[in-house]
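Residues per chain, in single letters:
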Amino acid sequence: MRNRTAQFVMAAGMIALNVTTWSPSALADAATDEIAKYREMLADGNPSELVAAQGEELWKVKRGTKNATLEQCDLGLGPGVIKGASAQLPRYFKDTGRVQDLETRLMTCMETLQGIDTKELNKTKWGKGEMEKMEALVAYVVTESNGHKINVDMRPAQMKKMYELGKMAFFYRGGAMDFSCATCHGQPDKRIRLQDLPDLREHKGAAAGWGSWPAYRVSNGQFWTMQHRLNDCYRQQRFPEPIYGSDVTIALSVYLAANGNGGPVLTPGLKR
Amino acid sequence: MKKMITIAAILAVTPLAWAADDALYADFKAMMDASFRSKGIVDKYRMYQLDFQKACSQDKDPSAKVMQAIEAEQLKTIRYPADGQYFGDWKQGEKIATSGKGLTWKDKTPHNNGGGCYNCHQLSHHEIAYGTIGTSLLEYGKQRGNSDEVVKYTWGKIYNAKAFNACSRMPRNGDAEILTEQQMKHLMAYLFDPNSPVNKK
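So the protein sequences, as listed, match chains E and G.
In terms of our numbering, the numbers along the first sequence are unbroken and rise by one, the last being 272.
In terms of our numbering, the numbers along the second sequence are unbroken and rise by one, the last being 1201.
To be clear, the hints were calculated from the coordinates, so they are not data collected in a lab.
Bear in mind that the values here come from a model prediction, so they are computed numbers and not experimental data.
Heads up, a few of these hints could be off.
Said to hold, decoys possible - Simulated crosslink set (DSSO-like; lysine-lysine; CA at most 30 Å straight-line): (1) G:LYS1060 to E:LYS190; (2) G:LYS1101 to E:LYS128; (3) G:LYS1200 to E:LYS204; (4) E:LYS160 to G:LYS1054; (5) E:LYS160 to G:LYS1029; (6) G:LYS1095 to E:LYS133; (7) G:LYS1101 to E:LYS123; (8) G:LYS1095 to E:LYS190; (9) E:LYS133 to G:LYS1106; (10) E:LYS123 to G:LYS1108; (11) G:LYS1106 to E:LYS190.
As the list claims (entries may be wrong) - Here are a few chain E residues that sit away from chain G, every Cβ distance over 12 Å (derived from the structure): (12) GLU49; (13) ASP74; (14) PRO79; (15) GLY115; (16) GLU130; (17) MET154; (18) PRO156; (19) LEU270.
Stated by the list, open to error - Computed footprint of chain G on chain E, listed as stretches where at least three residues anywhere in the stretch have a Cβ under 8 Å from a Cβ of chain G: (20) 62–72; (21) 95–106; (22) 139–151; (23) 178–190.
Cβ coordinates follow ideal geometry from the N, Cα and C atoms, glycine included.
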């Protein structure tokens, strides 16, 4: 594992170097190529493996006031079934009466099975304390859906409604810069500076965007959950902060996952 | 504030496609209201919409009539330089065009922002890290000249892009107090000065 990480850091260095020495005209394309190359290089070693391994351990550790593990957690495919589970999330859960994404469903399991107060998560920084644990659990669970297909069940009326709400949220403009998600993700083949922006209204873009998150981010060496991805996009949108696990984040997730339905799940992804 | 009232009147007689389902829209508003909180310099109220933002919150533009009404109202917000001086220093303009910082909850103050022009526009001959959400502005001054009309239009576009395209993706740099008048003058010089790398190879 350590070796891989070292290799990885070196690769990041190489890119930085290349960016400063290459001829300007070739740079835009080259940078994209380079990232592709470097994904290839890491094909057998995504740095999130380390995080996922921590999550697997944590899954089996007795915690909370009930001193229990998460091994009986029902992510939608029955208690304890992890394989393929996150490929089918978000989903409508009868027991909670809510549409839940992976993170809010894990919160439910922590509360009901372990007696952990998940309100703490709301006050915790990314990568710290309970949030770090959540991230590890997410990395573990999504690794078990790698290679599956996005397969969200859109039949329940609750899912259909969440989709409509998510679509409204996607086009909702506001804030100091009048931005919505669609400002950046509502046209094909656009980019911001050098970063390609997927068109999340369409199947292709949504499948690529949704299906490759959660992901390890090379630029800062952090593992990001989907909640974190959405949180940072709202930051760039100059909005106030979406509350962790709030309905707007679930609604947007349903919108993205349903648009991407059938596409490949490549999680944990590897990102710039 | 006055501009909101007139637009509201027009919008009231031209209901939005998705506002047709009032119950769903009420649920949507409640969801949004419950989902956000203030953080750093970004107060929660920032998520509540101005009328034109609401009218532009669909995949397609609103009707031509609504667009024209919005543009007419936004045009009134534009303040042209009182001293008649439109141009600052292009070198400073370049820095402002390159910086995309400002107005997020990580920023310390709402008063020291970049223009983020390169996020969306190609501008100069040497900067290749440009976005494509906006049109290319390469050789802007060289190609359009500097007639009063072009200069005034460009100032207006930077000040409030919605005056010329109601649902433009471009922010209202002057009207929304993203940039100062002085910063906009620097950007004008960057676009028009013959020695600026926008116009000179």
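Against the structure, the hints:
1. In summary, the hint linking G:LYS1060 to E:LYS190 is supported, as the alpha carbons are separated by about 18 Å, within the 30 Å threshold.
2. This hinted pair checks out: G:LYS1101 and E:LYS128 have alpha carbons roughly 26 Å apart, not beyond 30 Å.
3. Proposed proximity of G:LYS1200 and E:LYS204 is contradicted: the alpha carbons are some 40 Å apart, above 30 Å.
4. Using a Cα cut-off of 30 Å, the hinted pair E:LYS160 and G:LYS1054 holds, with the two alpha carbons roughly 23 Å apart.
5. For the given pair, E:LYS160 sits about 17 Å from G:LYS1029 by alpha-carbon distance, which is consistent with the 30 Å threshold.
6. About 41 Å separates the Cα atoms of G:LYS1095 and E:LYS133, which puts this hinted pair outside 30 Å; it is violated.
7. For the proposed pair G:LYS1101 and E:LYS123, the alpha carbon gap of about 25 Å is at most 30 Å, so the pair holds.
8. Restraint check for G:LYS1095 and E:LYS190: satisfied, since their Cα atoms lie roughly 23 Å apart, inside the 30 Å limit.
9. Restraint check for E:LYS133 and G:LYS1106: satisfied, since their Cα atoms lie roughly 24 Å apart, inside the 30 Å limit.
10. Proximity of E:LYS123 to G:LYS1108 is assessed by CA-CA distance (about 20 Å); at most 30 Å being required, the pair is judged to hold.
11. Annotation: proposed proximity of G:LYS1106 to E:LYS190 holds, straight-line Cα distance about 26 Å (limit 30 Å).
12. In this structure E:GLU49 is separated from chain G by more than 12 Å, as the shortest Cβ-Cβ distance comes to about 30 Å.
13. For E:ASP74, the shortest C-beta to C-beta distance to chain G comes to about 25 Å, beyond the 12 Å cut-off, and the non-interface label holds.
14. At the 12 Å boundary, the C-beta of E:PRO79 stays outside the reach of chain G, the nearest C-beta of that chain being 30 Å off.
15. The non-interface label for E:GLY115 is consistent with chain G: the shortest C-beta to C-beta separation is roughly 26 Å, beyond 12 Å.
16. With a cut of 12 Å on Cβ distances, E:GLU130 stays outside the contact zone with chain G, its closest approach being about 18 Å.
17. Chain G leaves E:MET154 outside its interface by the beta-carbon criterion, the shortest separation being 17 Å against a cut-off of 12 Å.
18. Every Cβ of chain G is farther than 12 Å from the Cβ of E:PRO156; the closest lies at roughly 16 Å, confirming the non-interface assignment.
19. Against chain G, the non-interface label of E:LEU270 holds: every CB pair exceeds 12 Å, the least being about 22 Å.
20. Against chain G, the stretch 62–72 of chain E contributes 0 residues with a C-beta closer than 8 Å to a partner C-beta. That does not satisfy the three-residue criterion, and the hint is violated.
21. Under the rule that three or more residues need a Cβ within less than 8 Å of chain G, the assignment of the stretch 95–106 of chain E is violated, with 0 such residues.
22. Taking a C-beta to C-beta cut-off of 8 Å, the stretch 139–151 of chain E contributes 0 residues in contact with chain G, too few for the three needed, and the coverage statement is violated.
23. For a cut-off of 8 Å, the count of residues in the stretch 178–190 of chain E with a CB near a CB of chain G stands at 10, and the three-residue condition holds.
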